[in-house]
Amino acid sequence: MNVLAQLPGLLVAVPLAGAAISFVAGRRRAPHVAITTAFVVLGLAVALAVHVLDGGPFRYHVGGWGAPLGIDLVADGAAALFLVLTAIVGLVVTLYATAYFRTDDETAYGHGLFWTLWLFMWTSLNALFLTGDVFNVYVCLELVGISAVTLVTIGGGAEALRAGARYLFASMLGAMTYLLGVALLYAATGQLDMDVLRTTLVADTTAATGLALMIAALVLKTALVPAHFWLPAAHGSAPSPVSAVLSSLVVKGSYFVILRLMLDVMPAGYLPGVDIFLGVLGSAAIVWGSVQALLQTRIKQLVAYSTVAQIGYLFLVFPLARHGADVLTLALTGVLVHALSHGLAKAGLFLGAGSLMTRFGHDRIADMGGAVRSTPALTFGVALAGVTMMGLPPSGGFGAKWLLVSAALASGEWWWAVVLVTGGLLAAAYMFRLLSVLLTDAPTELHASKGDVRTEWLPLALALGAVLLVLAIPLVSNLAAASNVLIHAGVTP
Amino acid sequence: MSTYLVYTAGGVLLYALGTYGLLARRHLIHKVISANFMGSGVFLILIGLGNRSPEGGPDPVPQAMVLTGIVVTVALTALGLAIVKRYYTATGIDNLDDEPSAGGDR
Amino acid sequence: MGDPRHFPALLPLLASGGVLAFVGRAVLALPPTASGLAVEMRDGAKASGIKNVVTAVLLDFRGYDTLLEIAVLMLATVAVLSLREDPAALSRRIAGRAGPVLGALTRTLAPLMILVAGHLVWVGSSEPGGAFQGGAVLGAAGILLVLSGYAQPAWAGQRIVRWVLTVGLLAFIGVALYPMFGGGSLLQYPAESRKGLILFIEILLTLSIGASILSLFLASASATAGGERP
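Protein chains in written order, with the numbering used here: chain A, 18 to 510; chain B, 52 to 157; chain C, 375 to 604.
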């Protein structure tokens, strides 16, 4: 078997097999199945990224049929980037979880079913990043949604159940709306494949309504202000490894589909005003999320509102995309770098928050003084993650801001740059609020660590990755250039 | 009025009703039922609009989409009811507006 | 969030009214005839030898959707299992009770339902039917048997239950991966064994789907004193 050509199929089938096997393996062996699967999937994802860098994007015809009869998987640079991000965060979270979820209580953490649920979620994310068919997106979104909602509730507790219920209803609303959009789109065009739609889409009321409904549903699932109401509770009350995955990966999944639909499938200006509207909402998210983060007294709520703010940055690419291929290249690379660095840093931040909560025995920021003395590695990790959030040089977050500001200035719409800078200042404010407490030099009595190396050093590793990402920006640029969005816009790699 | 429009209009009405219910109704089970209304509405729309073939006979693609959609909706509903029931057993609350007092499992 | 009576009432009305208007307009803007992908699908189904076009679409052309859909159903089962309040919900004796009417009905209906389930799967390739339909009927038969006391799930150890739930998905993944070794892609069934492979997957899927539906029901049963039926 030519593994390189089969990578897209393997990237979905392997974690899915892992999920099924972990279920029959029983609670004792499930973590081992998960760790093995994680390593294999990481290898597959990196191999795909290298393959796309070498030979450019390619399509994988599931069932051998090819669109429009069958479903195609699209392996391009952007997809490869997100797959690698998912694999890195996925592996680290899996390792962290083996320590975090260690318990003798058989009924804890969903009767030991965390691993199966987590592997299902990983499968669904991979499938979502690779799919080229709008109805298949619906099935993948459901997979993601069901696993995400269940994982939120897996720690038990009334707060988590309530947050999970709210997340579920938001998910249902989004799912039904998306499916309605697909129904209208198919009725108008008779096509479900994104590439075919790209070449055959004409001005049509029904198709436009369908696409608008799909975008609206995806915006709800990505928790863009004002549709963010479900996120802080869900990400805040889930167990920390789950929060890490939710904030760094799950919201990027639905965002990725918006990217494809807005920038690749639809011709520019197909839905009049929507691109600017998304940019405005993104700016509102940056401000509103940061302000809310400043007001939080509990650590995970602060980090969750930070996610609301950071999601806003991702939507600035849409208004900037109207200004030609050069600006589009800068803006798209900027949001891709941002997605990567935020993914790594936010995961590190949530894992770090989880470890801090275990050590201190509570989640009140104000009472977490002296962490730097007692858990220096952990505190350093949180601080590094903050560096990326604030966009301080040299870090991945800084690189992303630099690219986006350049794009904004090059397009002549300088006000987006103002938003970007303001966002950085506000992020500094809420991160300083957290760090100023952690970094106070006071001796503190801490509880025993739940795990040792894993819970103390893994958050640091992720945060370090986010910072070092700045060195990998040329690599990210090359992968971005190998993305369908740019290729179809006429940008030669 | 063509046949397909009757089914489709029914679907649109169901969907709108379901949207109202999901957003306005307080009781959690009512929300779950409303989401099912929305689902059934979309299925009717899919089937209705898939019945416009000039040669007669339905379009198999929307039918396959509906079959898949039904399974997905069953899965979502099962999960929804399980969460609602678990939440109710833990707190005695049947809506999202009331705050749970401290406690629940754990 | 302000007075919960007035404020939320406006948003849902606007939302559903807006939906009615926009979607209605979009639907009315459609031409009265259109064939979508129907022609391609019908020709393709004829070529692959499966008479029921919908089954061909579900298990052949868009089999990838069906694979993920089975994953969804299995995921939901695992999810509901993870939420169960009674740790032994799957293997606890549920004391079902059947009065004379229910007892007679069950004795007649349950075997019939199982037969119907098998029939639905078998004819799925040429008439409406298939794994989902058969699995749903099978699951319903199981629930009927448990509720009327004719079946006691206590005999099933945890391990067997997990295998029955998973075997459909595992078989599907296996069949999906197998063509990759011969140079084909995921789910690219070799032409000669296409019908046989599809039937094989469907039978195992029916078992798993039926077991899933039964598990969804059993896992939601609460523990009550004496292990009685809730």
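Some clues are possibly wrong.
[Said to hold, decoys possible] So the derived label-pair ranges between C-beta atoms look like this:
id : chain 1 : residue 1 : chain 2 : residue 2 : range
1  : C       : Ala403    : A       : Phe449    : 27 to 35 Å
2  : C       : Phe574    : A       : Gly378    : 53 to 61 Å
3  : A       : Leu312    : C       : Leu388    : 27 to 35 Å
4  : C       : Phe574    : A       : Gly60     : 51 to 59 Å
5  : B       : Gly143    : A       : Ala220    : 48 to 56 Å
6  : A       : Thr216    : C       : Ala403    : 19 to 27 Å
[To be verified] Lysine to any residue pairs mimicking SDA-like chemistry, simulated, CA-CA at most 20 Å apart:
id : chain 1 : residue 1 : chain 2 : residue 2
7  : C       : Lys420    : B       : Leu64
8  : C       : Lys569    : C       : Leu551
9  : C       : Lys420    : A       : Gly81
For the record, the hints were derived by calculation from the structure and aren't laboratory data. Every residue, glycine too, gets a C-beta built ideally from N, C-alpha and C.
Could you tell me which of the numbered hints above are not met by this structure, giving the numbers in increasing order?
Failing hints, ascending: 1, 4 and 7.
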